[in-house]
Amino acid sequence: MAKTIMISNEVYGELKHSKKDRSFSETIKDLMDKSKPKTGAALMECVGLLPKEDKEYEKIMKELKPLYKKWTQRYA
Numbered sequence: 037m038a039k040t041i042m043i044s045n046e047v048y049g050e051l052k053h054s055k056k057d058r059s060f061s062e063t064i065k066d067l068m069d070k071s072k073p074k075t076g077a078a079l080m081e082c083v084g085l086l087p088k089e090d091k092e093y094e095k096i097m098k099e100l101k102p103l104y105k106k107w108t109q110r111y112a
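For the sequence shown, my numbering begins at 37 and goes up steadily by one.
Since the hints were derived computationally from the structure, they do not count as laboratory data.
Please note that the accuracy of each hint is not assured.
Unchecked claim - Pairs of lysine to aspartate or glutamate residues, derived as DMTMM-like cross-links and limited to a Cα-Cα distance of at most 20 Å, are as follows:
#1 K56 - D66
#2 K55 - D69
#3 K56 - E46
#4 K52 - D69
#5 K56 - D69
#6 K52 - E62
#7 K55 - D66
#8 K39 - E62
#9 K39 - D66
#10 K52 - D66
#11 K65 - E50
#12 K105 - E94
Note that the structure is predicted; figures quoted are calculated from it, not measured.
With the hints as constraints, model all of the structure from the sequences given.
Now the structure itself:
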C-alpha cells in the first residue's frame, strides 16, 4: 500500500537527482539500508558528487574531512 509523505522542495530535488533510474521507494530504502558501510563515499553518493574541478570542491572536502573521520569512528 502506498503512503503520502511531505518533504521540502529542496529535499525532493536532491532525492530526484540521486534516484537516477530507480523509483523513489527504492532510493529511500537504499539510503536507509543499515547493512551498508558508513563511509564518506557512501555519504557523497547520497548527496551527489561535486566535480573535482569545482572551485568549492576543495573547500568543502577540507571542511568535511574531520567530520568523516569522526563519523567513521563513531558509527563504523
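Verification of the supplied hints:
| no. | hint | in the structure |
| --- | --- | --- |
| 1 | K56 - D66 | holds (13 Å) |
| 2 | K55 - D69 | holds (15 Å) |
| 3 | K56 - E46 | holds (16 Å) |
| 4 | K52 - D69 | holds (18 Å) |
| 5 | K56 - D69 | holds (18 Å) |
| 6 | K52 - E62 | holds (12 Å) |
| 7 | K55 - D66 | holds (10 Å) |
| 8 | K39 - E62 | holds (14 Å) |
| 9 | K39 - D66 | holds (18 Å) |
| 10 | K52 - D66 | holds (14 Å) |
| 11 | K65 - E50 | holds (15 Å) |
| 12 | K105 - E94 | holds (17 Å) |
Checked against the numbered hints given earlier, this structure breaks none of them.
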